[in-house]
Amino acid sequence: MPARIPLDADTILAATEEIPRRHGPDKATVVDVARALEVSHAAVYKHFPSKQALREAVTRRWLDHNRDTLAVIATDREIPPARRLRAWLHAVLAVKQAKIRQDPELFAAYGILAAAHSTVATDHVADLLDQLAAIIADGAADGSFRTGDAEATARVVFHATAKFNHLAHAAEWQNPGIGAELDEVCSLLLEGLQFPTPP
1109 MPARIPLDAD TILAATEEIP RRHGPDKATV VDVARALEVS HAAVYKHFPS
1159 KQALREAVTR RWLDHNRDTL AVIATDREIP PARRLRAWLH AVLAVKQAKI
1209 RQDPELFAAY GILAAAHSTV ATDHVADLLD QLAAIIADGA ADGSFRTGDA
1259 EATARVVFHA TAKFNHLAHA AEWQNPGIGA ELDEVCSLLL EGLQFPTPP
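Per the numbering used here, residue 1109 is the first one in the sequence shown, and the count goes up by one each step.
In case anyone wonders, no lab produced these hints; they're calculated from the structure.
All figures in this text were calculated on a predicted structure; none of them were measured in a lab.
The beta-carbon is built from N, C-alpha and C at its ideal position, and this holds for glycine as well.
One or more hints might be untrue.
Okay, the calculated beta carbon distance ranges per label pair [as the list claims (entries may be wrong)]: (1) Gln-1210 - Ala-1144: 13 to 23 Å; (2) His-1274 - Arg-1191: 40 to 50 Å; (3) His-1267 - His-1149: 25 to 35 Å; (4) Lys-1154 - Asp-1291: 42 to 52 Å; (5) Asp-1291 - His-1267: 10 to 20 Å; (6) Glu-1259 - Arg-1143: 16 to 26 Å; (7) Gln-1210 - Leu-1296: 46 to 56 Å; (8) Pro-1212 - Thr-1183: 29 to 39 Å; (9) Val-1139 - Glu-1259: 22 to 32 Å; (10) Val-1180 - Glu-1299: 24 to 34 Å; (11) Glu-1289 - Val-1264: 15 to 25 Å.
In silico DSS-like cross-links for lysine-lysine, where the CA-CA straight-line distance does not exceed 25 Å [said to hold, decoys possible]: (12) Lys-1159 - Lys-1207; (13) Lys-1271 - Lys-1207; (14) Lys-1204 - Lys-1271.
Using the sequences and the hints given, assemble the complete structure.
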């Protein structure tokens, strides 16, 4: 049966996003997507050669929905680096909380990919680290942060805040007071990063 709308990668990905929402993260096979679009599975294979490729593409697209929100904070030089670092870490937590609350099926699909050491998960973390390093580099440049290696410091900050960004802690993200816990960690990290205030 011919497709009702032009078949391109975006159309396939939009349909693929809906299937796990309705049937769970393991259901989005190429055949399932083809059936939903009323096309042959060969037509889907022209764009995505395997279930893994399709799952990675739809998860990457889903993760990228909020990427710009975080990037805007990371690059806003109107905000001093210390405040920006705190705001960015809180924004990462807020994005993760929203994703798990609003789209638990796609969040579960992301968890499957992360467990399989997919490049999607690796690239997502690398992007977050780049944004974090940019904030820290700005702090080093204006003299507010003590570091000679923004990328290494970004990795340390990211690992120190793993409770608020790593999938292993997802069950804790909806706990009351999680934001206050993150704020305490931010204060401790900033105390270590910042130069002492002159008397």
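Here is how each hint holds up against the structure:
no. : hint                            : result
1   : Gln-1210 - Ala-1144: 13 to 23 Å : holds, 21 Å
2   : His-1274 - Arg-1191: 40 to 50 Å : violated, 24 Å
3   : His-1267 - His-1149: 25 to 35 Å : violated, 42 Å
4   : Lys-1154 - Asp-1291: 42 to 52 Å : holds, 49 Å
5   : Asp-1291 - His-1267: 10 to 20 Å : holds, 18 Å
6   : Glu-1259 - Arg-1143: 16 to 26 Å : violated, 46 Å
7   : Gln-1210 - Leu-1296: 46 to 56 Å : violated, 31 Å
8   : Pro-1212 - Thr-1183: 29 to 39 Å : holds, 30 Å
9   : Val-1139 - Glu-1259: 22 to 32 Å : violated, 43 Å
10  : Val-1180 - Glu-1299: 24 to 34 Å : holds, 26 Å
11  : Glu-1289 - Val-1264: 15 to 25 Å : holds, 18 Å
12  : Lys-1159 - Lys-1207             : holds, 22 Å
13  : Lys-1271 - Lys-1207             : holds, 16 Å
14  : Lys-1204 - Lys-1271             : holds, 11 Å
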